[in-house]
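J.: Sequence:
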Amino acid sequence: MIRPATADSRRKTLRVQNVETKTLEAKTLYVSRIQTTGRSVLVRGKLLRRIHALREELRELRSELHHLQKEIRRDQHHLEEQIHSIQRELRRLRTSLESGLPANPALETYFSSRQGQIVTVTTSGGTITGTVTEVGTNAVLLTESNGDLVLIPYVKITAVQ
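Whatever position you read off the sequence shown (first residue = 1), add 7 for our numbering.
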């Protein structure tokens, strides 16, 4: 059994089986491939290589995590856009069902781009010329030159000029 007699001095008195020895001065102590110098510990061999390997693996995992977080944000943004698109389509379908008239995105886009302009619309009942006043999902409102308002459902339109 070896134990130091004093803890504060640089020189330690060691007792071995109740026999006191002279002082022993230890500057560097090697214990199973770990070298200690004062309070610092120097790591040798396989342990040092393992520490470096673990640090490299940690760096790679952090990089992969950062990449995956960016990918998740990109996917989330894409999914949110799809949700908004589906919600718009759902609103359009509800409006179509409630009014009994089907939506016509092509005519809606056409009349939206010509709002405030004069157009000529042909229906089975005749031809109407007027200024595009309002555009809906299933009908367009024209103002004729005499001031009359004419609401034309898209399903009744056969041609547009």
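The set of hints was computed from the structure by calculation and includes no laboratory data.
Here the structure is a predicted model, which is why all the values come from computation and not from measurement.
One should not assume that every hint holds.
To be verified - Computed Cβ-Cβ distance ranges for the label pairs, DEER-style: (1) L65 x L104: 49 to 59 Å; (2) S120 x L100: 41 to 51 Å; (3) G123 x D82: 33 to 43 Å; (4) E63 x R95: 41 to 51 Å; (5) S120 x Q94: 17 to 27 Å; (6) R95 x G132: 29 to 39 Å; (7) S119 x E64: 50 to 60 Å; (8) G123 x E78: 44 to 54 Å.
All residues carry an ideal CB built from backbone N, CA and C; glycine is no exception.
J.: All hints, please: hold or fail.
T.: Results for each hint:
no.	hint	in the structure
1	L65 x L104: 49 to 59 Å	holds (57 Å)
2	S120 x L100: 41 to 51 Å	violated (23 Å)
3	G123 x D82: 33 to 43 Å	holds (41 Å)
4	E63 x R95: 41 to 51 Å	holds (49 Å)
5	S120 x Q94: 17 to 27 Å	holds (23 Å)
6	R95 x G132: 29 to 39 Å	holds (32 Å)
7	S119 x E64: 50 to 60 Å	holds (57 Å)
8	G123 x E78: 44 to 54 Å	holds (45 Å)
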